[in-house]
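First to last, the sequence lines map onto chains H and P.
The working numbering numbers the first residue of the first sequence as -9 and each following residue consecutively.
The working numbering numbers the first residue of the second sequence as -9 and each following residue consecutively.
Rather than coming from a laboratory, the hints here were simulated on the basis of the structure.
Any given hint could be a false lead.
[Claimed, not checked] Calculated lysine-lysine pairs in the DSS-like style (CA-CA distance at most 27 Å, straight line):
| hint | chain 1 | residue 1 | chain 2 | residue 2 |
| --- | --- | --- | --- | --- |
| 1 | P | Lys107 | H | Lys107 |
| 2 | H | Lys30 | H | Lys19 |
| 3 | H | Lys82 | P | Lys107 |
There are 2 protein chains.
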Amino acid sequence: MNILLTISYDGTNYHGWQRQKDFITVQGKLEEGLTNLFKKYITVRGASRTDSGVHALGQRANFYIDTTIPVKNMPYAINNFLPNDIVVTDAKLVEENFHPQFDTKNKTYRYQIYNNKFPNPMNINYSWFLKNDINIDLIREGSKYILGEHDFSCFCASGSYSTTNIRTVNFIDIKEEDNYINFYINGNGFLYNMVRIIVGTLYYVGINKIEPKKIKEIILSKDRRQAGKTAPACGLTLMEVNY
Amino acid sequence: MNILLTISYDGTNYHGWQRQKDFITVQGKLEEGLTNLFKKYITVRGASRTDSGVHALGQRANFYIDTTIPVKNMPYAINNFLPNDIVVTDAKLVEENFHPQFDTKNKTYRYQIYNNKFPNPMNINYSWFLKNDINIDLIREGSKYILGEHDFSCFCASGSYSTTNIRTVNFIDIKEEDNYINFYINGNGFLYNMVRIIVGTLYYVGINKIEPKKIKEIILSKDRRQAGKTAPACGLTLMEVNY
């Protein structure tokens, strides 16, 4: 059976998603839990390789198993073998050749900024604290140039090994409430650090350091150095992966 | 000078507010920071003795100091001497005999429930995870009986040393958003564990274990055993202390 899991995690204490020999990672912990539950060595394939400190409320991963445990009970069974900061929230049977990464239609990330005079000690691991005055209207204007299909090399950190840097951004919804600014960004795929560089660049737009319409030129330049800084990992959460 | 501070903290890693000889507490850390900043031994008086694991976004505390540091710069100066999970967000000069606890007019606490099928790993230290179906209308109905001046002995944990158990609850606002149920409770004072027992009791109302109108009888009984359980500390945040 090919089982697709939906997974939430607090990435604070992990060296990212991907299994690594000498570091504690989410994939590593999940595989360890599954291996202990099913008493046979199990590996998973994730939809998205989230970085160190990045969180998820809708990561996906699949694995193959023959078991009598009903699929609908699996989240409870698996969670018994996971630490509190990783939670399986859904399990479903998928076709034998289903691949959680290659079959992805689109994904939504949320990036959270906490904008206030002083940091909030309860969200320091879950948001980017900024005390500057931020103009959301400018950010919304700038974000429009990012929508659609583009070569996003300007928003791609070095260390990326994609064959093409062309991606489609379907929406960027910016929601303000209390002192939070939440960016919901959906696309058919994202380059390395792409969401964090988009947010870092839009932040510069919001503080009048980059003109909104300049975003168009930055994209056309395909030059990472034209864009803004990379927003910190802790503000980023993988919200959903759609198939 | 008598200085009144406003303080936020994540209570997760502290044995509550109050200074203790052998445990790390928020008051202890704050006094240590002030002592290091001003290079003389300083003690503070807090408005509210929050328990272990309880958080604050608006705790208050005062201390006496003669210094050339302008009062408006004090939060920044003090924060340099505090860990990241304690943040001074305001400082102001108050009258020489002002007392942060005895001069309190009223306080607001927030109690946060996270109501979903599975826990959210990012809020486990900041909310009470409950998976039952909860009827908010019943809770709102039950909460009305708590408003006003009553002897609240039924909502008081043993270990309290108040001379009277009469308090006034000014409002209980219940806000639902996404999977959160937030209780904002304001009163002129609270008995030991009072907010947590109120929430634990209203939770029983919300799952049909206690009838809403039964709350009136419970209060009249003055009997702790008639009320519901004590909701866990982690869901509680001291939001503001008003003078």
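The hints, checked one at a time:
Only pairs whose Cα atoms come within 27 Å are accepted, and Lys107 of chain P paired with Lys107 of chain H is rejected, the gap being roughly 36 Å. For the hint pairing Lys30 of chain H with Lys19 of chain H, the CA-to-CA distance comes to about 15 Å; that is within 27 Å, so the pair holds. For the hint linking Lys82 of chain H to Lys107 of chain P, the alpha-carbon distance of about 16 Å falls within 27 Å, and the restraint holds.
Checked against the numbered hints above, the structure violates only hint 1.
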